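**Q** Here the protein sequences line up with chains A, B, C and D, keeping their order. Okay, so the first sequence: first residue is 1 according to my numbering, each after it adds one. Okay, so the second sequence: first residue is 1001 according to my numbering, each after it adds one. Okay, so the third sequence: first residue is 2001 according to my numbering, each after it adds one. Okay, so the fourth sequence: first residue is 3001 according to my numbering, each after it adds one.
Watch out, some of these pointers could steer you wrong.
Said to hold, decoys possible - Restricting the straight-line Cα-Cα distance to at most 30 Å, the calculated cross-link-like pairs of lysine-lysine (DSBU-like) are:
hint : chain 1 : residue 1 : chain 2 : residue 2
1    : B       : 1214      : D       : 3370
2    : C       : 2052      : A       : 563
3    : D       : 3370      : B       : 1023
4    : A       : 646       : B       : 1217
5    : B       : 1023      : A       : 646
6    : A       : 373       : D       : 3370
7    : C       : 2049      : A       : 568
8    : C       : 2269      : A       : 568
9    : A       : 383       : C       : 2053
10   : A       : 592       : C       : 2286
11   : A       : 623       : A       : 634
12   : C       : 2269      : C       : 2027
13   : B       : 1212      : A       : 645
14   : A       : 652       : D       : 3151
15   : A       : 652       : B       : 1023
16   : C       : 2053      : A       : 462
17   : D       : 3151      : B       : 1148
18   : B       : 1212      : D       : 3103
19   : D       : 3151      : D       : 3103
20   : B       : 1023      : D       : 3151
21   : B       : 1214      : A       : 645
22   : B       : 1217      : A       : 645
23   : A       : 652       : B       : 1217
24   : B       : 1217      : D       : 3056
25   : A       : 646       : D       : 3103
26   : D       : 3103      : B       : 1214
27   : D       : 3151      : B       : 1212
28   : A       : 652       : B       : 1214
Hints were generated in silico from the structure; no laboratory data involved. Small disclaimer: the values here were computed from a predicted structure and weren't measured.
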Amino acid sequence: MNWFVPDHLFYGSIMIYLAAAIAAVIFYRRHQLCTLFAQAGCVLAAILGAVFSLGILFSESEALLLEPFRSAIPFLSVVIAIDALSAFFMLVLSVLVCCVSVYSIGYVSHYHGKRNVGAFHVLYIAFILSMIFVFTAGNAVFFFMAWELMAVISYFLVVFESEQEGNERAGLIYIVMTHIGAAFLMIAFMIMFSYTGSFDIFGNSDTIPAAAKNLMFVFFLIGFGVKAGVVPVHIWLPYAHPAAPSNVSALMSGIMIKTAIYGLVRFVLCYLDIQHSWWGVAILCIGIISAVLGVAYALMEHNIKRLLAFHSVENIGIILIGLGISFVAFSGGRELLGGVALAASLFHTFNHTLFKGGLFLGAGSIQYAAHTKDIEKLGGLIKRMPVTSVLVLCFSLAISAIVPFNGFVSEWLTYQSLFSIIVPGQTGLNILSVLSIAALAMSGALAAACFVKLFGISFLGKARSEAALHAPEVPAPMNAGMGVLAALCLAIGLFPMLFLQVIDKVVSDVSGTSVTGELQGGFLIASYPVTAYGNSITPVVILVASAVIILAAAAVIRLVGGKAAERKYGTWDCGFEELTPRMQYSATGFTKPLRIVLRILYRPGRSLEVEEGDSAYFPVSRKYNVWTEPVFEKYVYDPLLNAVKKFSLRIKLSVQTGSTHAYLVYIFIAVLALMLYNRLA
Amino acid sequence: MEHYFDVLSVLILLSSFVLVSNKRIHAYIKTFRLQSALIALTAGVMGFEDVVNDGNYDVLVVCAIIIALKVILIPRLLHRTYGNIEYRVEKDFFFNIPILVIICCGLVVFSYFSVSNIGALSGLHINLQVVNSFSVVLIGFFFMISRKKALGQIIGYLVIENGIFVTAMFSTQGMPFIVDVGIFIDLITAVLIMGIMVIRINDQFESIDVNKLKNLKG
Amino acid sequence: MISVAYFIVQTVVILLAAPLVNGIIKKIKALSQKRKGAPVTQLYFDLFKLFKKGMVVSDTASWIFRAAPYVVFATSLAAALLVPVTTMIPSQWHAGDLILMVYLLALGRFFMMLAGLDTASAFGGMGSSREAMISSLIEPSILVSLITVGLIAKSTDLYRIMEHMKGVDAPLIHPVYLTAFLALLIIIIAETARIPVDDPSTHLELTMVHEAMLLEYSGRSLALMELGASIKQLVFITLAVNIFIPNDQFILITGAAAVFLSLVIYLIKVILIAAVIAVAEICTVKLRLFSVPNLAALSFILSFVGFMQYFVLGR
Amino acid sequence: MGLILWITPGIAVLLSRIVNNTKGLHAISVCASFVLLLTAGFATNRVILYDTLAYKLFGEAFFIDALSIIVLDIIILIGFLVAVYSVGYLNEECRHEKISQKKIKFYYSMMYVFMLSMIFAVTVKNIGIMWVAIEATTLASAFLVGFSNDKRALEAAWKYVIICSVGIATALVGIIFLHLASIDVVSSSNALQWDLLFDRAENLNSPVLRLSFIFILIGFGTKAGLAPMHTWLPDAHSQAPSPISALLSGVLLNSAMYAVLRILAIVNRNLGDSSFTGRLMIAFGLLSICAAAVFILTQRDYKRLLAYSSIEHMGIIALAFGLFTPLSIFAGLFHMINHSFTKSMLFLASGNLLQKYGTREISGIRGLLKTLPVSGTAFLLGLFAISGTPPFSIFASEVNVFLSLFYEKHYVLGGVFILLLAFIFGGIAVTLFRIFYGEPARGAAIGCGEINRPGAAVLAALLVIILATGLWMPDLLKGLITSAQMIMIGGLSI
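Input sequences plus hints: build the corresponding full structure.
**A** Written out as structure tokens, the structure is:
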């Protein structure tokens, strides 16, 4: 593949992104043109980026090292290094950006004339570029700069629609938590520097003593955990993602969270190379808790984007379970199992990017058409928006890991890696693995229930509000963008082996063991079964078998029962008059059984305000309100913040009292203290 | 010649004790004038000795400046400022006088404890003189803290400057001439500015009690 | 060649046996109440009648309402194909293992719940919401119990597990298999809407879960739904039967006769389990909805204790 | 040629006393600061070529080397920007009838006395005269702090004068002990000359030198706003008119820190290692950062908040110099430059804010990005810059400070330091980020659009400088900082 000159392609795609940004600035006045040029540029650049990363993945060449700019400030040089892992994440990013940009051509039109579209596109492109540099940074300080830049630009995007109440606070929580998380990363990088004297990510870390490595691991875990949104530090995620415009929250949820996974693999697995098994166990525990709690909280949400944000927490949990297993395996010397588990988690990362990106775009289409994010006000959209409903159905099936779609295959691989790590003898790890199997099963079922609620309540039944009744079908580019993602989900779901080759390149580069041998499957016969440790699945055969069954059943019924006579009539209403939309099951009602079962988790509260009429038996109105407590915020974060504020207020008023005498006393004491110190020292 | 300076340093220390035990602002100014006169005397003796030994007149000129500034000009200025502030007898300090004096003694002991071990000052007499004059600085500082009135704080500042000047005289036979002149210029401008400010405070706050100046909190 | 034969035998046996199980259970319940009860083959007549009848479809229903019956039927039958009925004929497809089977049933359940919501009726919504709760509580114990057995057999492929179980003599004596079997029994009751969890026979809105989702169906789609449900029931019963009481030790001869003999033994065992379920239904009354989680917790504890036996205490 | 630095401010003061119309006053001030800018440019390239610039007149008092040229350039560049900004600022104040024409005259004369004293402090070899100049800066800026002549400004001015004079007096004690320590090493005629002291630092009397360093650290620390002595700084900087508080915060603190550096070099050279001075400087630095971190979280006045962030950054500089390794001194100097530009930009932007909304309370301000587009974005990006987010220059210098800390294996100190900075960002974000969004509270009363045209240009220029120095550092600047660092301690930083 001699035509493939890597750095031209890389620089080419960056240049096109910049050109798109400049075009957005030039056509600042005319919003239509501005959107078209900017997003078209992004699509082109994304395609180039995808081709570039595929080229890197399949060219068996050593890591590509570029150094476009060396600054005179010590240790602050722009070094770009792309190896298989960065290329894989670049591929994921490019695929998502391509689809989201096609979608945005239609979506951003609802900003035209109302908001500063030029600024939006510049920020959007800057956000993508900062993520590209996070994936391709070769030097830790440049990585940190790209990391912080990504956080700041996404903050501006989150508060882009600041007039909606709540967006401001969401942005604030987001930027403060990510900044504090980044501080931990900085400490880890500095420890790295103090021992190895260089910031090179690809350098070897043997000179770092074991204690420092443990400390670095803890700091990496905290820093990347905050960005990934694992449970104890996830509270910014359900605020930030819904606040951002839908195409941006698709990027944030789809790929920005994955930068944390990239960070963990790059710094913990490749750089520090796993020292102790408790590293893997820690990640596994966090993964389990995040998976279960993420989906449990998602169930109770009725705002689509908050629901999807909580699901990101769940899927990050599943990815971390895979990663935890691979770390445990690597530290235990079981290279093959580590490879398979790593392949599972990377595969789930890619799948999650596809269907979560698609779901957020779907939420954007619903908001575009019905101008609301609250499920309780939707209903019956399937009749008004047939194409969007089919796409959202595909994504819902994919996220609840149901068979023909890609969610299932990656979860199946995670099951297999969990299955093969259990060996009689390691008691603690066995219990943990079984618990994670149970957690995976439960989160899968709860996710299915949650997405039945999302799809059923918003798309099926009768429209619950005027806006839902007259929701127009969204413009074509929006559906096109989502369509590509849905098609990819289905294709990977049916022919997983095709994509596992790509991941195998990454795994063999990262961990040195080729996994395809184990996963068996020729490159061409994409439909060859995915086998791990002798257990195999071939989704294509299952699909063909069930299709044959359906056709046979239809034929037999046609033969036996004659032509299908169908009569349209109203739904069974027990003889009362016409069924009103209020009689349908609402989202709150749908999840009521689970709210009662898991009440220790939600601590639900309810209130009933009754406006008295003239007699007690005929009230004018009843207002029934039920809510679940945000446990983490109420019992962890708010008390902490109030305590800190009270402490700071008390100290401030006691030190800065305003009296000149007090201030002079401080200086006097300082003089005496230092003289004493000098005398004694 | 040395025991002249011992006596003078002790006298200056005593004058600062007297200052601390004064109640009225008039008394402050008078004691300050006394202290400045003593310092001028030391400077005069030292200057005369310099003229005799190596004939440079710097220290004598400095002594003249001290007399002009600290003995005559500044006290009159303070009197005038204090003049047009209406007179209200208030308890001007936090603790009563015996406690103040005890604290000043404590300060003297402390300054002896912390300064005495310095090698260069080991010569007994220089050491003693430096300790006395240094404790004048600390007492001036403490005086500033313990007085409620703005004028009291100005006097405290002036006493600190006196203490510093005397420490310089005793330890190093005076600073380079330009530096001394600069210090005096600064001193006189500082007093002028503080005087104007005291008058303005008196207009705005109707009293020169520094405790009224407390609304810039937090 | 073998696989085509396997495909035909498996489908025929499943289609015929599934309605039979319901008939038997109803027959035993009727006899226990000292009444004659409907003939065992009643469900066959109902299905045949329903196939011929026309359908009444609600005007608010969308294409999902029409597609759901076919999806439910197809997924149940596909899951049935993965489960070894006649243990004599191994499948070479490597088509799928127990995790794929569980998630296939999940696909069927997903569409059934959507169909419940599609007709904008309160009953359908209530059925789907309760089904959501019960299925998400019972799912962990299905996987943990099956994977524990798989772990001992070192593979999640049901056929390999079968081969292994043949080697184990009287598996129900070992604590691991006993707990897994009991957990599977509870799962059968919960998944297929039997009495303690949900009453299949009544249409009283307070009690019905599975029936509520089918309320709006009529004609051939109702028939397909009923058939799908009964096939799913047979799948779970086959799992319980063929894994824990493999029927191959008794058969000494080989060849076609052996296959026929194993089928007969398999049918006897199915009837046995159906009787056990019927007895369970007779003795217990329908549980309150919010005590079903205790049942699910019991089943999870059983499977977890089973796992602990083998993997932690090393028995 | 260098003496023009001293003469121009003097002429400016005289002229501003004479000229009476506002246009003339503005013209004088801008020309004076422009002339100063040119001479500073000339002086800088002289220093780069011959690394000192001295003249025989006034007994060679005039002396500039690489270290002082850095602080001098900051003073003059920011002085020029403030002068340009003041034109728009004062016209706006006149339009609101807040100040009369006479006040502008007073403002400009006081400002140039202030500039003269600061330039004087930095371009002098004799430490005594440097002390006199720094004391003069306090007195010159006293009335500028009390400029708006209301109760709060007067109180701030009074506290400023009293605390700073007392602080400076303690510094004088330090200088006297320094003189005492060098009594037998340097002849009394050219006592307290910095270069002589530095060359013969080994044989000075070290116990007296340690005592003198203590007093100097407290004295000039008060002026630089280090922790226990910082109490005057929030009052003075928040009550002073914004251009003056930009000068105070951006520049005056640096000259006080410059004085500490000079004597720190002598003491460390005398004591051999920097453990004694280092421990004190790091202690004060860390205390300042902690104090700032605690105070910023519950601030209600945005100018006070900026003042506290100056205390924090002075703490960082003190910590960097306390470490006293080549890399840490390089980082400290670089941070001094970056902090001056960022902080003066923030104060100038807050000036526009104050004039537009008329209130210092954070709660009274909403929808800043709509009403003041340029200074709103400058203020927002400035806040990101001041808390050390990457594209800006403060991040570059803070990284170097981290590097020097971790290179010396101070892990706990470095870790606490990084977390404190993140906590401070949290404090700033929690208090200040709400003013940028939403609709302005009193709708119609506050029109949209920039009021101070030249001010907006200055803000834009400063923003560009900050962004540029964040990623790319001109070799000229790097050469200058390395030579300044070589003066204080030999050896290459990287």
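**Q** Are there hints from earlier that the structure breaks, and if so, what are their numbers?
**A** 1, 3, 5, 8, 15, 24, 25
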